[in-house]
Amino acid sequence: MKKILGLVISGLAISGLLTAQTLNVQVGNVTYLFPASQAGPMTYSDGMTLTVMGKVFTLSEVTSMYVDETSVTDNLVSIEYGSSSATVTVAGNVAQYVTPTLSGAHVTIVQSNTDAVSGDEITYRLSGSTSNGSLTLGGEYKCTVSLAGVTLTNPNGAAITITNSKRIQLSAQNGTTNTLTDCAGGSQKACIYSKGQLQLQGKGTLNVTGNTKHGIKSASYISVKNLTLNILSAVSDGINCEEYMEIKSGTVTLSGVGDDGIQCDLGGTTSTGITTDHENEDTGNVYISGGTITVNCEYKGIKAAGDLEITDGAISVTSNAAASSNGNHWSGNSSTSAPEAIEAKGALTISGGTVYAYSADDAINAGGHLTISGGYVFAHSTNNDGIDANGNCYIQGGLVYAKSSSSPEVAIDANTEGGYKLYVTGGTIIAIGGLENGASISGGTAKQASSWTANSWHALYDGSTLVVAFKTPSSSSSGGGGAWAPAGPGGPGGGGGPGGGSQKLVVYTSSTPSLTSGVTVSGGTEYFGGMANIGGTVSGGSTVSLSNYSSSGW
Amino acid sequence: MRKIVLLLAVAWCTWAAQAGEFAYLVFTNTSGSATVLGVSNLRMSIEGTSLQVTNDEGTVNMVLTELASMQFSNDPAAIDNVLNGDETVQVFSVSGMSLGTFGSMIEAAQQLNAGVYVISNGKNTQTIVLQ
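Just so you know, the sequences run in chain order A and B.
Just so we're aligned: the first sequence equals residues 1 to 554 in the working numbering.
Just so we're aligned: the second sequence equals residues 1001 to 1131 in the working numbering.
Just chain A, with the same shape it has in the complex:
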């Protein structure tokens, strides 16, 4: 009896040591983790195979099996990259749906489930670092790729290729920096390519370099939320997608981009029109409702094949391609991709946020109607219109500061030749280059300065209320540019010569505008790269003579 007691006590002692039991089944560099509590009966068949939780192992391929206390997170597949190899661990509950294949640090995973597993999707967690590795992911059900501090360079192709056509969440974990680089001269479409919808998110940082073509490409929609996304360089577009693009929040910075910054095309041949919650939407639309977006590209900064809708966010777009001497072609570009900072082939609406657009061609262009009803909009074109609508142009609210090249280009244009018109019904406007002839002005008053001083801080009043202080460009355009050197709001005004010949300075406010030039500005908040100031205090200066607008034009 004493020994039996000892046996039981021994059992208790063993039990007391156990915390989380896991059966590890190791096949090469892939380890499957089966929680003992989930494993159930594990069946052998003919000495050839072992089946655990639906996963069939060929016994001759099993390196080892062992029981330890590794904790297991359901639905998680972890991929740890090393310099020349990778290790993969697969949670037991999804093991039967996941087939990894490894070649050095190049990991290919095929996911076979067509529905949720344990009520959720599979998450692939990437970490580690390699200069010769990649991830290729195939499947037929949505999943998450979680970036947990991974540095991945593929000298032979894309860093991440997702052939799964379902919704993919690509999430950078909070506090992590992740850097993905593809090869130069390859055949891949992007450093990160997804056949399916790509939701870029997470509170970490994702750095992307596209050495062959795009930085990020999805054959479906792309959305951005929270993420700090840096496209460090791209031979072609920084971000290229189809169906629609949505930026809700986060910080998106695109630099060193050889073609367009963000380009969204129609996926099919016909637009579905906007759908509820964008379900199955294919419009080529771009929606920006938040975030800080900075684009430094060669041609179009943000290009929507459909509509472009900006409701909030801080957007700054600089297109670097300069105009050639004939004005119709752009340096370094034989295609039709003119350097318009922001372009929508359909309608373009801005109702909030801050927009800075600088380019040689139209700074902001809409193929259809263009509406500004709120926000702060700065549009500077060195060789065309500041703001241009191929349909009607509606200025209903917000602060608009636009500059064009010299006549016949105008600061704010509508397609008068096509029977359309510029309608101004609200907001505040500063237009260097004037407004389109025949504009309809209501809800306030538009006035024109007979002359203006370059590179000088001006104060625009509505009645007796200071609306905005703004700095004029360093010179008036004569068809060849006109640099606006950003300056701090506290700097001294004046210092430039008078505005040249044909360029007009038009201002519009909701009541009666008046203008003072050569003011000194202090305090307040800077806008448009230091070209405007709101909420500040102005002093000094001299009154600018303004004349009234005539409906027959300026």
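Each statement offered as a hint is correct.
Using C-beta positions, here's what the derived DEER-type ranges look like:
id, chain 1, residue 1, chain 2, residue 2, range
1, B, Gly1115, A, Pro41, 23 to 33 Å
2, A, Ser37, B, Ser1098, 29 to 39 Å
3, B, Gly1048, A, Gly186, 42 to 52 Å
If we take Cβ atoms under 8 Å as the criterion, some of the chain A residues that face chain B in the derived model are:
id, residue
4, Ala39
5, Gly40
6, Pro41
7, Thr43
8, Tyr44
9, Ser60
10, Val67
Hints in this document: simulated from the structure, not taken from any laboratory.
Bear in mind the structure is a predicted one, so any value in this text is a computation, not a measurement.
Cβ atoms here follow ideal geometry from the backbone N, Cα and C, with glycine treated the same way.
Knowing the structure of chain A, use the given hints to seat chain B on it.
For chain B alone, coordinates are given in the frame of chain A:
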């Protein structure tokens, strides 16, 4: 003493059930017999046509073609049959050497020295630790 043993056994089973953890991995072969091994430091590898299992108590080799299944368990029927039954049991060392036949598990436990043994009642097999 019996009451104390019973109390401890009940406590152990209750704790194990609550924790969701297991003390044993039970292998069943195609003939229906079982081999019960403690999971502490348990490792398995494929050695030719055999499954070699090593744990704190030793190493056991099982022919793969004779294996039907394995399952984690705390209180498998196999354990009850061997330890608590009144059946005659054969006792082996972990190296497989026969140490004798006993009228019951209790009789074996009373006569054996402390150590690790493999116990079989003809249908089921279990590795035990006597202290």
